[in-house]
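Peer 1: Sequence:
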Amino acid sequence: METPILLLIFLGVLCPPSASSTQDLSYVSEMFSQAPQRLSFFSWYGNVRLFQFQVPSDAVLLRWLLQASRGKGAGCEDVEVTVHFRYGAPPVINPLGYSFAPNTSVPHSFTQTMRFRNAMQSNLYLNISNPAPGDWFVAAHLPKDTEKIEIQGLTKSCTYVFQPELFVLREVDVPILQANLPMQQVLESIKNPARYKLFVPEYTQQLQIQLLNCTSNATGCPLVVTVGSVTQLDSSAHRVNCNEGSACGFVLQSPPWEKWLSITVEKPQWLNSSVSFQLVYNFSVCKPGSVGSRTFLSFLNLFSSSSFPNNSTVLKDTQQPTPGSAILLNDGPTSCLRKYPVIREDLDVVSVRFYPVTSPSVPVATRLPSVILLDLNSEMDSGGMLVVNLQINKTGASSANSTVLACLSPAAPVLTLNDSQNCTTAFSQGYSFSLSDGATSVTHNIPYPVTDRWYLSMQVLCPGDDR
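Mind the numbering: the sequence shown is residues -21 to -1, 1 to 446 in mature numbering (1 follows the signal peptide of the UniProt record, and there is no 0), read in order.
Since the hints were made in silico from the structure, they are not lab data. Among these hints, one or two may not hold up.
What the hints assert, rightly or not - Within a straight-line C-alpha distance of at most 30 angstroms, the following computed BS3-like cross-link-like pairs (lysine-lysine) qualify: (1) K238 with K266; (2) K176 with K266; (3) K318 with K373; (4) K318 with K266; (5) K238 with K176; (6) K176 with K318; (7) K238 with K318; (8) K266 with K373; (9) K123 with K51.
Unchecked claim - Here are the in silico distance ranges between beta carbons for each label pair: (10) G199 with S413: 41 to 47 angstroms; (11) A53 with R332: 50 to 56 angstroms; (12) T395 with P86: 23 to 29 angstroms; (13) Q187 with L75: 46 to 52 angstroms; (14) L250 with G54: 54 to 60 angstroms; (15) P335 with W236: 18 to 24 angstroms; (16) S413 with R332: 23 to 29 angstroms; (17) P442 with T395: 15 to 21 angstroms; (18) N220 with N368: 40 to 46 angstroms; (19) L44 with A226: 25 to 31 angstroms; (20) S136 with V230: 58 to 64 angstroms; (21) N220 with Q187: 43 to 49 angstroms.
Glycine included, each C-beta is placed from N, C-alpha and C at the ideal position.
Start from the sequences and build out the full structure, keeping to the hints where you can.
Peer 2: Structural data, given as structure tokens:
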């Protein structure tokens, strides 16, 4: 992959009229460009040209400029250039229509088509407001190869070139909301929205955001509140119109842990008068089940069984956790999950394996979900295939008709597992699993998972349990 070329251009600073109760907005802009690459007709994945852009955390607008050009030769045709966009990982494309393996979920990516229309140049603009920070990937390719035999010197060929450029508008000095501390704001007649951000700590179970004391000359509260950033072109943020009900706010279950969350408050374009309001949020945080002394000693014994020079202790290639009874973590009065440690073993440059620390199994109960962390939050983990294999091993006290529900989700775990909830967190759709006497094992494949911290939640659902 070509190394991105960063061109930092300060086009200016835009500030609205200052006032003690208004939000002063300052914008700066940047331009990212990558070297043009030659396209070829698609016959395998190596024909795809992949580009990676790093979007800063304070970006409020992305404007893509996609440029495709072709040669002047007689062999040049009005072909289509297909462009795929995806956040967090390279897009999974399948122009040849191949079938994936069973139990494989193909992540969605947004696609645009560029046409030359009897011209040698084709340009396409694409805007994304309130984008998610991090890696955005662009992949481009030509249609399927016709597989015609070409004779050098006799067959007329054509050169097709593709180049993406990215304009980023950033907002600096975005106010930070503090929990349970209302922030007073006045939106004047200017069209700029008010933006805020808040930090979601680890183990946050629920996040509640409210807009209060809305006052304006118009009827009701003519404001629209948006929470979250866009990771897909069809939007993955939450949006509420405060004029449509008495309450204006959100209650988000399982918000993304240890991440900044953006909030935007806008008023309609037709409203020229000012609007005042207060914005406040609070969250509930739970604690994981405590690790008993037996579990902790087992963990130490596992790593102290073999000593090596240089004051380091590592696992031997053949050493794995020995079979034994899985240990259930202790519950506390504020516990909402049992989090079990796992070992990440880098088998080689392209392979990683996760397994529990103290035994080959993880105990799963009815009252609280058991959660394990699969850390895939580095660029080295981008791409590849995430394979999840679950097997049920019931104890003697288990109900004959009980079911184990599981959910694999990025950024935050699902903390309430039942038949009605479709394995969803505040901003993402996870992958659900179900194991029972009739299905004691399940395997699921996820090609090119999003680079993030993934969580696997598991809980027992007993007959007649309507949780």
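Peer 1: Taking the hints in turn, state whether each one holds.
Peer 2: Comparing the hints with the structure gives:
1. K238 with K266: holds (18 angstroms)
2. K176 with K266: holds (24 angstroms)
3. K318 with K373: holds (20 angstroms)
4. K318 with K266: holds (9 angstroms)
5. K238 with K176: holds (10 angstroms)
6. K176 with K318: holds (28 angstroms)
7. K238 with K318: The given pair, whose Cα atoms are some 19 angstroms apart, holds under the 30 angstroms limit.
8. K266 with K373: holds (27 angstroms)
9. K123 with K51: holds (21 angstroms)
10. G199 with S413: 41 to 47 angstroms: holds (45 angstroms)
11. A53 with R332: 50 to 56 angstroms: holds (54 angstroms)
12. T395 with P86: 23 to 29 angstroms: Roughly 25 angstroms apart at Cβ, these two residues keep to the hinted range, so it holds.
13. Q187 with L75: 46 to 52 angstroms: Taking Cβ atoms as reference, Q187 and L75 lie about 48 angstroms apart, which means the hint holds.
14. L250 with G54: 54 to 60 angstroms: Holds, since L250 and G54 (Cβ atoms, about 57 angstroms apart) stay within the stated range.
15. P335 with W236: 18 to 24 angstroms: With Cβ atoms ~21 angstroms apart, the hint holds.
16. S413 with R332: 23 to 29 angstroms: holds (24 angstroms)
17. P442 with T395: 15 to 21 angstroms: Since P442 and T395 have Cβ atoms about 18 angstroms apart, the given range 15 to 21 angstroms holds.
18. N220 with N368: 40 to 46 angstroms: holds (44 angstroms)
19. L44 with A226: 25 to 31 angstroms: With Cβ atoms ~42 angstroms apart, the hint is violated.
20. S136 with V230: 58 to 64 angstroms: Holds, at about 59 angstroms.
21. N220 with Q187: 43 to 49 angstroms: violated (18 angstroms)
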